[in-house]
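Engineer: With the hints as a guide, bring the two chains together.
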Amino acid sequence: MEVNLVWEGIKFMFLGMTTVLLFLVLMIVLMSYMSKIIQKYFPEPQGVVETASGSTAQNADKKKKIAAITAAIMHHKKIGN
Amino acid sequence: MPYWAKSMKALLIKLFAVVMLFGGVALMASAPHAQAETAVQQEDTYKSQGMFEMVGGFIESTGIYALINPDPNELNAHGEKMSDFHKSWGRVIMILVTFLMFYLAIGKGFEPLLLLPIGFGGLLANIPVADIAGPHGFLGVIYQAGLANELFPIIIFMGVGAMTDFGPLLSNPKTALLGGAAQFGIFGTLVGAVALSQYTDIFDFTLKQASAISIIGGADGPTSIFIATKLSPELLGAIAVASYSYMALVPIIQPPIMRALTTPEERKIKMTTLRHVGRMEKLIFPILVLTLAILILPDATPLIGAFMFGNFLKESGVVERLNDTLQNALINIVTIFLGLGVGSKLAADQFLVAETLGILALGLIAFSVGTAAGVIMAKIMNKFPGTKVNPLIGSAGVSAVPMAARVSNKEGMKDDPTNMLLMHAMGPNVAGVIGSAVAAGVMLSLFS
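Protein chains in written order, with this note's numbering: chain A, 1 to 81; chain B, 1 to 448.
Just chain B, with the same shape it has in the complex (with noise of 0.2 Å):
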């Protein structure tokens, strides 16, 4: 026999042998395993059926009769009994209720970024049956995710960062002044729905309630996120589409406050024109918040640190593609999340409570009050000495970046079409985001 016929049978035999072993072992762990399997599966998956039985158990899997009938052992999302009503009307008419701000985003352009993502997840959390925001549907698991531990607003607040110009704040320090007087509609409103609800039957708010409820007064999303899931997740669907809505309302809400609060003389104020902002002081300014934030208030540093982290990327110019996916890429899927799994709370239970009015007017009430102490604040400080600033620009010190800069401007230019106040506002603009994310600090210090 030739030498590689010998050896290719060596080789056959081997390889045989292995076979037989592997195979062998395989087969007989795998032996007593399929017949329990098949025993099981005989015993529970699948019964013949008459023709009838089977069209009637498919209707009865309907969308349709779950919503006519409701299933009587359903459970919500928290594994709690819910009313029939929230299992029938109550899912149609948040599925309109979706549809209504499918329009607003779509149509009136309010917000559409968050309100299509959050309208759509509202829709799918308010199907029957499916249980999409249920622990296990995958509204569940994006809740889960990223929003029970306060994830998503945090990598939200690094975009924010990274998107901010600290330039104009640096130019004119004091407008950060404002910023801090728009908070007021935070502890304002907190104070209001606590005696509210003590005092009337209107609402019954506790503490840690009207704290997340107040401080949609910041006019900034991802910090009432932040607190609603801390305080009371509960709460959250309202208060996020509370806070988003209001946002998108800004150029409603806020004109009509700056012109009761303001004469046109105080409208025409011309402010001086800015100061050229080194890189440096770009560069240290993020550091020296967060330094400041590291000594004073510890519990504000995820919001703080983290908005920092992206502007301090940004100012560093040396990360170019960092910072690029953190305005973009990042903020953008973390956005289609963060609205998903805002929108899992827009189930029937959760938001068609009579709670969810009472937020809705608490935050309008919190947002007007922010934008009237702004303008006030502005007021005060043109009574001392040094330059003067427009009172306009003190609404733009409730956060919401950069469409109240954009309305202070807008309100100027009504009085004087040569008066610019775009950049200026922009600085208590972002003093605003930093004061809210402080008042955020203050409340969870409270708390914890």
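Isolated chain A (complex conformation) (with noise of 0.2 Å):
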């Protein structure tokens, strides 16, 4: 019994690509949505200037370490002294 390939290669391109833009349909509807209600009620500019300021928050933090070890070391050079 022969099977007739390019049949069953037509059968497979239509269920493939029935599939794949299904599957990516799917994905962009989803991913509207997503977007939506996450801009909706997790809005991001706020979270951006508080990651933003938190950063520089940091920065200052590790400068003011920085200038606190300094402080330290150069104290006890004097005291070694």
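Just to be clear, a hint being listed does not mean it is correct.
[Unchecked claim] To spell it out: a stretch of chain A is covered by chain B in this simulated footprint if at least three of its residues, at any positions, have a beta carbon under 8 Å from a beta carbon of chain B; those stretches are:
hint, region
1, 3-9
2, 16-24
3, 66-76
Just so you know, these hints were derived from the structure itself, not from any lab.
Just so it is clear, CB atoms sit at the ideal spot from N, CA and C, and this is done for glycine as well.
Structural biologist: The structure is reproduced here in structure tokens:
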């Protein structure tokens, strides 16, 4: 019994392309909804500001720490002398 | 006698007793073995030979002799007989082919990260006598360890996921359709391949083989290797080489197709600036896609799951060390093994067959059809109301991240130097990776 390969191939193509496009369309729909929900209930701009300020605050902290450590070292050296 | 001397004596006696006990046991145990071993060794290892015999024997074990006078009993990596051609001139030709790969990788910069390990693996696999690609050679061991069970392509996918930024896709979701359309290259070629096998004598591919070959159109190396090892491991070498070669040739293959299908006006379309995408969207996206894959196509989840795992680690922002390892150390190590393992399939008896030419030709067709389908899809999308899409980004739907997106950008700038399409093209580009993983999942589900 000979299977018609071409017909099999066309069936594959039909099923394959449908699945791929269906998957991506569903992905697009869900993705858009997700973005809308997140933008509405968890608005980003504030978050950006927060993280930005957070990072600058961290930087300031680091600088303070460095200053404190240098001061300590200087102090120690002075005592040593 | 002082106390210390007494205790010392007792200690010595105990020690002596222990040594005698264990030593005696060991001797008793080893004695018969040792006798048997020496007897066997004397029997079959070394025979004294005359000088001429010795030199003759050595000459027979050289590579030159093996290439000129192939050993009639030599078997290939699968334990099958090989033709004399594959054992002699075939090997020389394949070694020259690997030299050509070195030239392309080093001189022309074609995907050197993969072509060099693959090429060198191929060189080693074609050495006579040593049998490096055989079951006990180190290439054979690497192949068994990570390719025969599809482990390496999956790990590569994790690294690719950690390197991928879904931001451009999230800010313009509909471009994902372009990544879907480009998968037509895969299925169109599948039909073409089986039609040619059925009605002509040019090729003779089974449905499984045709599927594995047409996946080259997905322009995704790890996916091609994953599918090829599952569906037709005998074609792995040619499929991997074709896949990576065409990915390297994207800047040459794609532009003529893109230009032929678009008008200058279309190429000048400017796309709206992408909005900023928040961290939470990027964090939820991998889980969303994986959930979708779980519900619709579990067969695609090994690929998509690994991909999204890498991406999730990256976007979580709390495991910088793991993310860094995935993107650099791990993917580099696995790339070396993957390349060598694929190279082991470049042995002459497996690569120098008529099918290889068919695979190279069909792979090129798959690639071109995919490119064209992406561009045409973009043109169709422009027929609908809504923001316009520059059709040049359609070609980026055949994964090949980020090369295909760069080509779109370059072609766009040829017509309008101020038109920056790179980030817009990254959307369909990463959607193409998901699309080809889904296509691969469909193939697997159909054959399972």
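Engineer: Hints first: check each against the structure and report whether it holds.
Structural biologist: Hint check:
no.: 1; hint: 3-9; in the structure: holds (count 5)
no.: 2; hint: 16-24; in the structure: holds (count 8)
no.: 3; hint: 66-76; in the structure: violated (count 0)
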